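Participant: With the hints as your guide, set chain B onto chain A.
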Amino acid sequence: MAELMKTIGIWLSAYFTLSIFSFLYKDNPFYKLAEQIFVGLSAAYWLVYTIYNILIPNLFNKLFTDFAHNWILLIPMALGIMMLMRMFPKLEWLSHYPMAIMVGTTAAIAMLLAFQSDFLSQIAATMVNPFKFSSPVDIVGTILLIIGTICGIYFFYFSKKQEGFYKIPSKVGIWFLMVSFGASFGYTVMARISLLIGRLDFLLRDWLHIIR
Amino acid sequence: MSEDINLTKTLRERRIIFLLLVLAVAIPIIFPFSLKTHSTPLTEKAFNLIESTPAGSPVIISFDYDPSTVTELQPMAIAIIEHAWRKNHRIIAMAMWPQGSQMADMAFSEVQKKFGEEKVYGVDYVNLGYKPGGMVIIQTMGRNLKTVFPKDTAMNDYDSIPLLKNIKTIKDIKYVVSLSAGDPGLRDWIMTANGKFGIPVAGGTTAVSAPGFLPYVNDQNQLSGLLGGLKAAAEYELLLGYEGTASRGMNPQSIAHLLILALIVAGNIRVWRNRKKEKMAKEVNNG
Numbered sequence: 001m002a003e004l005m006k007t008i009g010i011w012l013s014a015y016f017t018l019s020i021f022s023f024l025y026k027d028n029p030f031y032k033l034a035e036q037i038f039v040g041l042s043a044a045y046w047l048v049y050t051i052y053n054i055l056i057p058n059l060f061n062k063l064f065t066d067f068a069h070n071w072i073l074l075i076p077m078a079l080g081i082m083m084l085m086r087m088f089p090k091l092e093w094l095s096h097y098p099m100a101i102m103v104g105t106t107a108a109i110a111m112l113l114a115f116q117s118d119f120l121s122q123i124a125a126t127m128v129n130p131f132k133f134s135s136p137v138d139i140v141g142t143i144l145l146i147i148g149t150i151c152g153i154y155f156f157y158f159s160k161k162q163e164g165f166y167k168i169p170s171k172v173g174i175w176f177l178m179v180s181f182g183a184s185f186g187y188t189v190m191a192r193i194s195l196l197i198g199r200l201d202f203l204l205r206d207w208l209h210i211i212r
Numbered sequence: 001m002s003e004d005i006n007l008t009k010t011l012r013e014r015r016i017i018f019l020l021l022v023l024a025v026a027i028p029i030i031f032p033f034s035l036k037t038h039s040t041p042l043t044e045k046a047f048n049l050i051e052s053t054p055a056g057s058p059v060i061i062s063f064d065y066d067p068s069t070v071t072e073l074q075p076m077a078i079a080i081i082e083h084a085w086r087k088n089h090r091i092i093a094m095a096m097w098p099q100g101s102q103m104a105d106m107a108f109s110e111v112q113k114k115f116g117e118e119k120v121y122g123v124d125y126v127n128l129g130y131k132p133g134g135m136v137i138i139q140t141m142g143r144n145l146k147t148v149f150p151k152d153t154a155m156n157d158y159d160s161i162p163l164l165k166n167i168k169t170i171k172d173i174k175y176v177v178s179l180s181a182g183d184p185g186l187r188d189w190i191m192t193a194n195g196k197f198g199i200p201v202a203g204g205t206t207a208v209s210a211p212g213f214l215p216y217v218n219d220q221n222q223l224s225g226l227l228g229g230l231k232a233a234a235e236y237e238l239l240l241g242y243e244g245t246a247s248r249g250m251n252p253q254s255i256a257h258l259l260i261l262a263l264i265v266a267g268n269i270r271v272w273r274n275r276k277k278e279k280m281a282k283e284v285n286n287g
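These protein sequence lines map, in sequence, to chains A and B.
Take the first sequence: its letter number 156 is residue 156 in the numbering used here, and every next letter is one higher.
Take the second sequence: its letter number 254 is residue 254 in the numbering used here, and every next letter is one higher.
Be aware that one or more of the hints could be misleading.
Claimed, not checked - Okay, derived cross-link-like pairs now, PhoX-like style, lysine-lysine, Cα gap no bigger than 20 Å in a straight line: (1) A:Lys62 <-> B:Lys151; (2) B:Lys9 <-> A:Lys26; (3) B:Lys119 <-> B:Lys146; (4) B:Lys174 <-> B:Lys45; (5) A:Lys62 <-> B:Lys146.
Hint data in this document are derived by calculation from the structure and do not stem from the laboratory.
Being a predicted model, the structure only gives us computed values, none of them experimental.
Extracted from the complex, chain A is given alone in its bound form (with noise of 0.2 Å):
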């Protein structure tokens, strides 16, 4: 039966795959009835999985077998089901006040953070004497790290016209975020290819059992 099941799920997982694959021919019914099974699927998965993997252990669960302890529990209940009024207009005005909780906590907890290890941090981590490095590599490494890190955020300032000599560190800004941006493609191409070359490995070795 296990057997039965498993190969059930590779026909299945190799017809959606194809079907998903067809739209780079052109756009056909195939295609759009896996992309409506693969939403609604994937809408009904995060529901059922919310109620039974979070609303119940860390809210039913412990109201109704310790609420003794819990009742403070009462009170993120209460902002989630006012959160659901935005369903209904006449009761939408509800939902903004555990919006409001909610952008306004994330937003400091995020702050707190994001100050240290996005902004303190990485202005210490540009203050490197790249002659402290033995290696050549290591040196012009740290030396362009601190002149791409100037010159970058030099072109994003402003208050002054870029022109004469205040033009340089501008333009070459602007080859730093262009070599940045350079990576970043080379890298969204490998990831894609990375994705395909998974799925054609599923479609030849689990599917057709052409490769071993």
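Facilitator: Frame of chain A; chain B shown alone:
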């Protein structure tokens, strides 16, 4: 009329490119050959973090991805679990993505085939499952791990799991590896586990998101190594001395990249020739 002809031509050319790409990937999969892969400093740094951690250390591997990125991240998960087990680290698996927990189970069962009964659930590894909340959850883990994960995925109580006996907070963890496909994920671990608690964090990401994490591999050691995409997974397999799914993927990856390079060059030559033609036509019109 000429616009219609151009559109048809573009569509035809696009289909030819898709077909060429499929062939460039499929042929090296069917007829494998050996292209050499070399490890890079980013991968070596992550490798050295695990290599230098003493045996018996409790570590966290966070499975922050789902099946859509399994091609890139699952080989990394398998390689990292294998490395950690070779060094006798005790692995605590958790997930900030709902399906991450299943990804962890799949990876453990794959590596378990090599180690057999040597590695025991609850003693050498445990799967604490999924928890929503991102950086808030990691902050709470800094106060008390048990309040975040009162039970594991097999519904065992926290206190009954031998591996977790002396682990009260995230500060008892020696390193964290986040295998991350987006948000929540590696950035939350860098900001909280490293930024707030000073725990070494290494990361494995999809190739698309790797450039965004490169600035964290710096003098401040915000990130102790970064694996970006299938190539980095292949490098890790190389460092461990075996050929896994990532290494096998390097042949088609290289051939496809060569094809894309050739297409970029051909496209640029064509644009250059068209511009030249237009320029000459303008000059003729202007007399």
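Participant: Now tell me if each hint is right for this structure.
Facilitator: Verification of the hints:
no.: 1; hint: A:Lys62 <-> B:Lys151; in the structure: holds (13 Å)
no.: 2; hint: B:Lys9 <-> A:Lys26; in the structure: holds (14 Å)
no.: 3; hint: B:Lys119 <-> B:Lys146; in the structure: violated (23 Å)
no.: 4; hint: B:Lys174 <-> B:Lys45; in the structure: holds (16 Å)
no.: 5; hint: A:Lys62 <-> B:Lys146; in the structure: holds (15 Å)
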